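Peer 1: Sequence:
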Amino acid sequence: MPAIVIALAVGSAFFLGYRFYSDYLARKVYALDPAFVTPAHTMEDGVDYVPTNKHVLFGHHFTSVAGAAPIVGPAIGVFWGWGPALAWVVLGTIFAAGVHDFGSLVVSVRHRAQNIGSLAASVINPRSRTLFLILIFFLLTLVNAVFAVVIGNLFVANPAAVVPIML
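According to our numbering, the stretch in the sequence shown is residues 1 to 167, in order.
In short, the hints are calculated from the structure, not lab data. Owing to the predicted nature of the structure, the values given are computational and were not obtained by experimental measurement. Even glycine gets a Cβ: it sits at the ideal position worked out from N, Cα and C. Mixed in with the good hints there might be a few duds.
What the hints assert, rightly or not - Derived SDA-like pairs: lysine to any residue, alpha-carbon spacing no greater than 25 angstroms straight-line:
1) K54 to F15
2) K54 to Y18
3) K54 to Y21
4) K54 to I94
What the hints assert, rightly or not - Now the in silico label distances, taken between C-beta atoms and shown as ranges:
5) F14 to I116: 49 to 55 angstroms
6) F138 to F58: 30 to 36 angstroms
7) V47 to R19: 41 to 47 angstroms
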(Lines of atoms letter the chains of each structure in order from A and count residues from 1; the text may use other names and numbers.)
(Lines give C-alpha, C1' and ligand atoms only; values in the text may rest on other atoms or scores of the structure.)
Protein backbone atom coordinates (compact mmCIF):
# COMPACT_ATOMS: atom_id res chain seq x y z
CA MET A 1 0.00 0.00 0.00
CA PRO A 2 1.43 3.40 -0.94
CA ALA A 3 2.47 5.63 1.93
CA ILE A 4 0.27 8.46 0.65
CA VAL A 5 -2.84 6.31 1.17
CA ILE A 6 -1.81 5.60 4.77
CA ALA A 7 -0.99 9.28 5.36
CA LEU A 8 -4.37 10.35 3.96
CA ALA A 9 -6.19 7.75 6.09
CA VAL A 10 -4.36 8.87 9.24
CA GLY A 11 -4.94 12.54 8.40
CA SER A 12 -8.63 11.81 7.83
CA ALA A 13 -8.90 9.93 11.14
CA PHE A 14 -7.29 12.85 12.99
CA PHE A 15 -9.54 15.35 11.21
CA LEU A 16 -12.69 13.33 11.99
CA GLY A 17 -11.57 12.89 15.59
CA TYR A 18 -10.95 16.61 15.90
CA ARG A 19 -14.12 17.66 14.09
CA PHE A 20 -16.65 15.24 15.60
CA TYR A 21 -15.22 13.49 18.68
CA SER A 22 -13.73 16.60 20.25
CA ASP A 23 -16.97 18.45 19.54
CA TYR A 24 -18.89 15.64 21.26
CA LEU A 25 -16.55 15.83 24.26
CA ALA A 26 -16.83 19.61 24.42
CA ARG A 27 -20.64 19.65 24.25
CA LYS A 28 -21.76 16.46 26.00
CA VAL A 29 -18.98 15.41 28.36
CA TYR A 30 -17.39 18.68 29.49
CA ALA A 31 -20.36 20.99 28.71
CA LEU A 32 -18.10 23.83 27.61
CA ASP A 33 -19.55 27.33 27.42
CA PRO A 34 -18.24 29.51 24.55
CA ALA A 35 -18.82 32.60 26.71
CA PHE A 36 -16.56 31.31 29.51
CA VAL A 37 -13.69 33.70 30.25
CA THR A 38 -10.37 31.89 30.70
CA PRO A 39 -7.75 32.62 33.38
CA ALA A 40 -5.60 34.26 30.69
CA HIS A 41 -8.16 37.07 30.67
CA THR A 42 -9.36 37.09 34.29
CA MET A 43 -5.87 36.85 35.80
CA GLU A 44 -3.85 38.59 33.08
CA ASP A 45 -0.49 39.70 34.43
CA GLY A 46 1.63 39.95 31.27
CA VAL A 47 3.90 37.08 32.38
CA ASP A 48 2.14 33.84 33.27
CA TYR A 49 -1.38 34.73 32.17
CA VAL A 50 -1.44 36.31 28.73
CA PRO A 51 -4.29 36.08 26.19
CA THR A 52 -2.76 34.39 23.17
CA ASN A 53 -3.63 33.89 19.52
CA LYS A 54 -5.35 30.51 19.06
CA HIS A 55 -2.79 29.35 16.49
CA VAL A 56 0.12 30.05 18.85
CA LEU A 57 -1.77 28.32 21.67
CA PHE A 58 -2.42 25.29 19.44
CA GLY A 59 1.28 25.08 18.58
CA HIS A 60 2.23 25.28 22.25
CA HIS A 61 -0.15 22.50 23.26
CA PHE A 62 0.77 20.41 20.22
CA THR A 63 4.49 20.48 21.04
CA SER A 64 3.93 19.91 24.76
CA VAL A 65 2.19 16.57 24.34
CA ALA A 66 4.57 13.59 24.41
CA GLY A 67 2.76 10.51 25.62
CA ALA A 68 3.20 6.81 25.10
CA ALA A 69 1.99 6.75 21.49
CA PRO A 70 4.93 8.51 19.80
CA ILE A 71 7.49 6.81 22.03
CA VAL A 72 6.17 3.25 22.24
CA GLY A 73 4.53 3.24 18.78
CA PRO A 74 7.75 2.68 16.81
CA ALA A 75 8.78 -0.08 19.23
CA ILE A 76 5.45 -1.80 18.60
CA GLY A 77 6.18 -1.40 14.89
CA VAL A 78 9.46 -3.28 15.22
CA PHE A 79 7.89 -6.06 17.32
CA TRP A 80 4.51 -6.59 15.59
CA GLY A 81 4.61 -4.62 12.37
CA TRP A 82 3.45 -1.21 11.29
CA GLY A 83 -0.29 -2.04 11.26
CA PRO A 84 -0.57 -2.43 15.04
CA ALA A 85 1.85 0.48 15.57
CA LEU A 86 -0.23 2.74 13.37
CA ALA A 87 -3.42 1.68 15.18
CA TRP A 88 -1.71 2.34 18.55
CA VAL A 89 -0.60 5.82 17.57
CA VAL A 90 -3.79 6.92 15.78
CA LEU A 91 -6.44 5.35 18.03
CA GLY A 92 -4.43 5.99 21.20
CA THR A 93 -4.05 9.65 20.29
CA ILE A 94 -7.72 10.16 19.46
CA PHE A 95 -9.42 8.10 22.17
CA ALA A 96 -6.96 8.18 25.08
CA ALA A 97 -4.35 10.94 24.91
CA GLY A 98 -6.66 13.53 23.41
CA VAL A 99 -9.41 12.88 25.95
CA HIS A 100 -6.96 12.94 28.86
CA ASP A 101 -5.23 16.15 27.79
CA PHE A 102 -8.51 17.87 26.90
CA GLY A 103 -10.02 16.88 30.25
CA SER A 104 -6.96 18.04 32.18
CA LEU A 105 -7.06 21.38 30.40
CA VAL A 106 -10.80 21.84 31.08
CA VAL A 107 -10.43 21.02 34.78
CA SER A 108 -7.48 23.38 35.13
CA VAL A 109 -9.20 26.25 33.30
CA ARG A 110 -12.39 25.84 35.33
CA HIS A 111 -10.40 26.12 38.55
CA ARG A 112 -8.38 29.28 37.82
CA ALA A 113 -5.48 27.45 36.11
CA GLN A 114 -4.56 25.37 39.18
CA ASN A 115 -2.31 22.35 38.78
CA ILE A 116 -3.46 18.91 39.96
CA GLY A 117 -1.86 19.28 43.38
CA SER A 118 -3.48 22.63 44.13
CA LEU A 119 -6.77 21.39 42.74
CA ALA A 120 -6.67 18.34 45.01
CA ALA A 121 -5.98 20.60 47.99
CA SER A 122 -8.98 22.80 47.25
CA VAL A 123 -11.41 20.01 46.29
CA ILE A 124 -10.39 17.27 48.77
CA ASN A 125 -8.17 18.69 51.54
CA PRO A 126 -4.72 20.30 51.91
CA ARG A 127 -2.97 17.01 52.77
CA SER A 128 -4.15 15.49 49.49
CA ARG A 129 -1.96 18.00 47.62
CA THR A 130 1.17 16.38 48.99
CA LEU A 131 -0.19 12.91 48.23
CA PHE A 132 -1.03 13.85 44.63
CA LEU A 133 2.37 15.45 44.03
CA ILE A 134 4.18 12.38 45.41
CA LEU A 135 1.92 10.12 43.32
CA ILE A 136 2.63 12.16 40.20
CA PHE A 137 6.38 11.98 40.85
CA PHE A 138 6.26 8.18 41.14
CA LEU A 139 3.95 7.79 38.14
CA LEU A 140 6.25 9.89 35.97
CA THR A 141 9.22 7.87 37.18
CA LEU A 142 7.30 4.68 36.35
CA VAL A 143 6.42 5.95 32.87
CA ASN A 144 10.08 6.78 32.19
CA ALA A 145 11.11 3.33 33.42
CA VAL A 146 8.56 1.62 31.18
CA PHE A 147 9.77 3.64 28.19
CA ALA A 148 13.35 2.62 28.97
CA VAL A 149 12.41 -1.07 29.34
CA VAL A 150 10.39 -1.12 26.11
CA ILE A 151 13.12 0.57 24.09
CA GLY A 152 15.85 -1.50 25.79
CA ASN A 153 14.00 -4.74 24.98
CA LEU A 154 13.55 -3.52 21.42
CA PHE A 155 17.28 -3.00 20.98
CA VAL A 156 18.16 -6.34 22.62
CA ALA A 157 15.65 -8.30 20.53
CA ASN A 158 16.33 -6.40 17.29
CA PRO A 159 19.87 -4.98 17.20
CA ALA A 160 19.29 -3.70 13.65
CA ALA A 161 16.78 -1.19 15.07
CA VAL A 162 19.69 0.77 16.55
CA VAL A 163 21.15 1.66 13.15
CA PRO A 164 18.36 4.06 12.00
CA ILE A 165 18.58 5.90 15.32
CA MET A 166 22.34 6.31 15.00
CA LEU A 167 22.00 7.80 11.51
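Peer 1: Against the earlier hints, flag every one the structure doesn't satisfy and list their numbers going up.
Peer 2: 5 and 7
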